[in-house]
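Engineer: What follows is each chain in one-letter form.
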Amino acid sequence: QKEVEQNSGPLSVPEGAIASLNCTYSDRGSQSFFWYRQYSGKSPELIMFIYSNGDKEDGRFTAQLNKASQYVSLLIRDSQPSDSATYLCAVNYGNQFYFGTGTSLTVIP
Amino acid sequence: GAVVSQHPSWVICKSGTSVKIECRSLDFQATTMFWYRQFPKQSLMLMATSNEGSKATYEQGVEKDKFLINHASLTLSTLTVTSAHPEDSSFYICSANRQRTPNEQFFGPGTRLTVL
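Quick note, the sequences are listed as chains X and A, same order. All the letters of the first sequence, read from the start, carry residue numbers 1 to 109 under my numbering. All the letters of the second sequence, read from the start, carry residue numbers 110 to 225 under my numbering.
If you're looking for bench data, these hints aren't it; they were derived computationally from the structure. Some hints here could point you the wrong way.
Stated by the list, open to error - Residues on chain X that point at chain A, a partial pick, calculated with CB under 7 Å:
| hint | residue |
| --- | --- |
| 1 | S32 |
| 2 | S43 |
| 3 | N92 |
| 4 | F97 |
| 5 | F99 |
Every residue, glycine too, gets a C-beta built ideally from N, C-alpha and C.
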């Protein structure tokens, strides 16, 4: 059984701060890692993904992978109220995606 | 590019009826399509994986006779909830990946099903 775990939160940060979200995964064979943002009642939208060979930065978002400890993190710099959503971590293994339960983030103006 | 649509976006039906949900990849051919279900305040739960022209692979605990999946073409997959009951009320989301970026999934907007 391949498991992906996230702290459900809620995580609250003030506007302008850095939000840090973490996700652990059980299968060392996982090949790629994804962060999705989901607003209430909406479908997930991809923020960014990384492969097992390194970290990635895209604007205010940075995804980091720690293969030894089997966790992947998402940092959101200069958090904005519009970043308030549930963030889903997904791990790809073969042709399958396994999702975490999501972390609810609230950015306080 | 990589747009996935679903139809309908919202459906209410009586208990015992069947409901069909369509998932289409609009601007690409989908190698594989996935069907998820999401209950309130819970994460996505993969129901089944389907490839064009072959039988869907269902996750453990998902009744294949209740949730019929047909993947007739590289751009269309359908999920039919047969004899729906109130406990089937949920948010159903499909996703698809494409050949040139097989590690990315593109999600449809979801279909909210309410069974009375």
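Engineer: Now look at each hint and say whether the structure bears it out.
Structural biologist: The hints, checked one at a time:
With a least beta-carbon distance of about 5 Å to chain A, the hint placing S32/X at the interface is held under the 7 Å criterion. Because the closest C-beta pair between S43/X and chain A is about 4 Å apart, less than 7 Å, the hint holds. Nearest Cβ of chain A to the Cβ of N92/X: about 5 Å, under the 7 Å cut. The hint holds. Of the supplied interface hints, the one on F97/X holds, with its beta-carbon coming within about 6 Å of a beta-carbon of chain A, less than 7 Å.
For F99/X, the suggested interface contact is upheld, since its CB lies about 5 Å from the closest CB of chain A, less than 7 Å.
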